[in-house]
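Participant: If you're matching positions, the sequence shown starts at 6 in my numbering and goes up one per residue.
If you are wondering where the hints come from, they were derived from the structure by calculation, not from laboratory data. Hints may contain errors.
Unchecked claim - Lysine-lysine pairs mimicking DSS-like chemistry, simulated, CA-CA at most 30 Å apart: (1) K62 <-> K116; (2) K37 <-> K62; (3) K116 <-> K37.
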Amino acid sequence: MNDVNRAWLGVVSADHAQRAVEGGFIQLNHGKRYGVARLREGDGFAIYSPTERYRSKEPLRAFTALGVVADAAPYQAEPMSMGERGMIRPWRRRIEFLPVHRAALRDLDLKLTRAPNWGYQLRRGLVPLEPDDFGILRDAMSIS
């Protein structure tokens, strides 16, 4: 994979990240369009998983998936159940995920984490990621 000019960090539990990798897509903020519409084809995309399972309180704090946006525009997937949120037709983007292993947040020195209260921005579900940080993640997570 070539170096990227733009990169993003999506915040998704590890179990949902695994579904994304298996399906070759990303869906953010309960399927809303606005997050995935910011991505461009060729952008780097990393997933940070604060927890192993959705709604779990047990922390994981690891980067769990990494890839590149592989389509030109968001698409709507087939309707799916979101539990108490009812049925939705989520917006997604195709991602060409790389074979990687998890990398613990505590083991990495990223520009993202140097600012005070850096974690607060993760509540948005999608944040810009410095291309240099994406390179650090790619190197740390790559399976040799």
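Participant: Taking 30 Å as the top limit, are the C-alpha atoms of K116 and K37 close enough?
Facilitator: Judged against 30 Å, a Cα distance of about 28 Å means the pair holds.
Participant: Decide if the proposed pair is consistent with the structure: K37 and K62, CA atoms, cutoff 30 Å inclusive.
Facilitator: Holds. K37 to K62 sits at ~24 Å (cutoff 30 Å).
Participant: Given the hint that K62 pairs with K116, does the C-alpha gap stay at or below 30 Å?
Facilitator: 26 Å, holds
This entry satisfies every hint, going by the numbered hints stated previously.
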